[in-house]
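Given the coordinates of chain A, assemble chain B onto it according to the supplied hints.
2 protein chains.
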Amino acid sequence: MAKAKTKTKVKSRVPAGYDLSKIDTRAPKELDKDEIKKKTLAIVQELDELQNLLYAESKHSILVVIQGMDAAGKDGLIRDVFGQMNPQGVKVSSFKVPTAEETAHDFLWRIHKQAPEKGIIQVFNRSHYEDILVTRVHGTCDDHTALERMKAIEDFEQLLSRHNHTQILKLYLHISHKEQQQRLQERIHIPRKMWKYNESDFKESERWDDYRKYYEEAFEGCSSIPWHIIPSDQNWYKSYQVATLLRDTLKGLKMNYPGLKK
Amino acid sequence: MAKAKTKTKVKSRVPAGYDLSKIDTRAPKELDKDEIKKKTLAIVQELDELQNLLYAESKHSILVVIQGMDAAGKDGLIRDVFGQMNPQGVKVSSFKVPTAEETAHDFLWRIHKQAPEKGIIQVFNRSHYEDILVTRVHGTCDDHTALERMKAIEDFEQLLSRHNHTQILKLYLHISHKEQQQRLQERIHIPRKMWKYNESDFKESERWDDYRKYYEEAFEGCSSIPWHIIPSDQNWYKSYQVATLLRDTLKGLKMNYPGLKK
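So the sequence lines, in the order shown, correspond to chains A and B. Position 118 of the first sequence, counted from 1, bears residue number 118 in the UniProt record's numbering, the numbering being contiguous throughout. Position 197 of the second sequence, counted from 1, bears residue number 197 in the UniProt record's numbering, the numbering being contiguous throughout.
Isolated chain A (complex conformation) (with noise of 0.2 Å):
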């Protein structure tokens, strides 16, 4: 009874794809590192391809919302994949903290004005997703607000794929807590690493366990677009698994270099 109780009690709160705790940071033993590296540089040369088609055709775009904690390799992952493209094709925004106009105006505003337009690659380095993240984790959300955010998170998500044939990748860059406090040591460690560092950092990572929580419900709360976890404590392996579900979303458009226009 107690088993069955605590097992329905864990599938009500996150459905079994979003339970962080169940999925492994690290690649399957059986692949080999060196192969899956090779791998990814040709899906990176047919992405460089399927990315020109994207942009000559012109009838979709692509979101690709990357979110993880700090150090999980967002930066590395963007240089990885996206850094081979035509970069007239791909878009990066950055999200920091809101400026004082941004905050003046609701927390979708500026994420609205970075939509891609069609034929884009646009990349969400942090996301809309911070405002039920960060904030609840100190505190600035309560529990109201964020179930608030996330109707408005899913509802936003919709218009962009169903009002501009927008294809939504999430990503969650997954590591453990010794990965990560092994990234932040060499920020402070490697000079060529240190501009990456803030004294936050540190203090935030201690906070582990209450991102965790936030994140697990952020998945839940706005699946209808879904989330990939994504294992990210080798970044060979991680790269391999975005490339390539990257490349499945461009192939799956069925996309056609169109004729001369009329």
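One or more hints might be untrue.
In this list, chains with the same sequence are indistinguishable; a pair is considered to hold if it fits within one copy or across any two.
[Said to hold, decoys possible] Subject to a maximum C-alpha distance of 25 Å in a straight line, what follows is the list of computed PhoX-like cross-link-like pairs (lysine-lysine):
{"id": "1", "residue 1": "K118", "residue 2": "K91"}
{"id": "2", "residue 1": "K59", "residue 2": "K203"}
{"id": "3", "residue 1": "K261", "residue 2": "K196"}
{"id": "4", "residue 1": "K251", "residue 2": "K38"}
{"id": "5", "residue 1": "K22", "residue 2": "K178"}
{"id": "6", "residue 1": "K96", "residue 2": "K213"}
{"id": "7", "residue 1": "K193", "residue 2": "K118"}
{"id": "8", "residue 1": "K261", "residue 2": "K178"}
{"id": "9", "residue 1": "K22", "residue 2": "K33"}
{"id": "10", "residue 1": "K59", "residue 2": "K213"}
{"id": "11", "residue 1": "K39", "residue 2": "K178"}
{"id": "12", "residue 1": "K261", "residue 2": "K193"}
{"id": "13", "residue 1": "K29", "residue 2": "K193"}
{"id": "14", "residue 1": "K113", "residue 2": "K91"}
{"id": "15", "residue 1": "K33", "residue 2": "K118"}
Just so you know, these hints were derived from the structure itself, not from any lab. As the structure is a computational prediction, the values presented were derived from the model and not from experiment.
Positioned in the frame of chain A, the structure of chain B alone reads:
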């Protein structure tokens, strides 16, 4: 006497560097295409590292203004030289026919909004110069207005370079009329290129001499920050020159990775 007079006349209208009829559109014959391509690849790798440093240091920004006749190879240049850098630090703005909102403002309003923030390489695919080029060819900007606009452009470029440490590289992709005709023909015959074709392309091409004249006047009138005339009939030579120029510009900034923030 007659000779001297001609010489003086030419000199007074267009400074030596900006007389397009005197500048070859092709690479020097002694250059080896394969060797140059290899060199370019090496420089592009250097650029990746230099751009990371620009981003990390965030003291300067780069603005690359790309102008040229239709089919001069602007898109290809962006792909070849800027396509290997981290897309987070490279932004491309394409300026097309202004919207109603844009024309309801001064001609630099939409341009200023796209000025690079520190740490960023911003690429303008066409630019504020269109307002003294295509507009003059089509008779919507008279000589007096053009002169006024040139002064405004000079002031604007000084503002960016003096008040936000922006290095401005102004590039004119210099092709021959014959090369242009050939490339336009490809657009109506090669399926993969058809999407680039515009009905007006051949009509505009007939105004070649007008465009050339107004280009030379633009170079002359806005030369406080100099123009670089890039022989561009061969794409491999074009990319090599621009990659070299960008590398030297970045190296000239004497950048360093910053230490830990205080």
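Hint check results:
In the homo-oligomer, the alpha carbons of K118 and K91 lie at most 25 Å apart both inside one protomer (12 Å) and across protomers (17 Å), since each shortest distance falls under that limit. For the homomeric pair K59 and K203, neither the shortest alpha-carbon distance inside one copy (45 Å) nor that between copies (28 Å) is at most 25 Å. Taking the closest pair of Cα atoms, K261 and K196 come within 25 Å of each other only across two copies (9 Å); inside a single copy the shortest separation is 47 Å, beyond that limit. Taking the closest pair of Cα atoms, K251 and K38 come within 25 Å of each other only inside a single copy of the chain (20 Å); across copies the shortest separation is 32 Å, beyond that limit.
Only within a single protomer do K22 and K178 lie at most 25 Å apart by alpha-carbon distance; the minimum there is 16 Å, versus 64 Å between protomers. For the homomeric pair K96 and K213, the shortest alpha-carbon distance inside one copy (21 Å) is at most 25 Å, but the shortest distance between copies (46 Å) is not. In this homomeric assembly, K193 and K118 come within 25 Å of each other (Cα to Cα) only across copies, at 19 Å, whereas the closest approach inside a single copy is 36 Å. In the homo-oligomer, the alpha carbons of K261 and K178 lie at most 25 Å apart only across protomers (24 Å), although the nearest pairing inside one protomer, at 55 Å, exceeds that limit.
In the homo-oligomer, the alpha carbons of K22 and K33 lie at most 25 Å apart inside one protomer (23 Å), although the nearest pairing across protomers, at 55 Å, exceeds that limit. Neither within a single protomer nor between protomers do K59 and K213 lie at most 25 Å apart by alpha-carbon distance, with minima of 38 Å and 38 Å respectively. Neither within a single protomer nor between protomers do K39 and K178 lie at most 25 Å apart by alpha-carbon distance, with minima of 28 Å and 42 Å respectively. For the homomeric pair K261 and K193, the shortest alpha-carbon distance between copies (12 Å) is at most 25 Å, but the shortest distance inside one copy (49 Å) is not.
In this homomeric assembly, K29 and K193 never come within 25 Å of each other (Cα to Cα): the closest approach is 29 Å inside a single copy and 45 Å across copies. Within a single copy, K113 and K91 get their C-alpha atoms as close as 13 Å, and across copies as close as 16 Å, so both meet the 25 Å cut-off. Taking identical chains as interchangeable, the C-alpha atoms of K33 and K118 are never at most 25 Å apart, the minima being 36 Å within one chain and 37 Å between chains.
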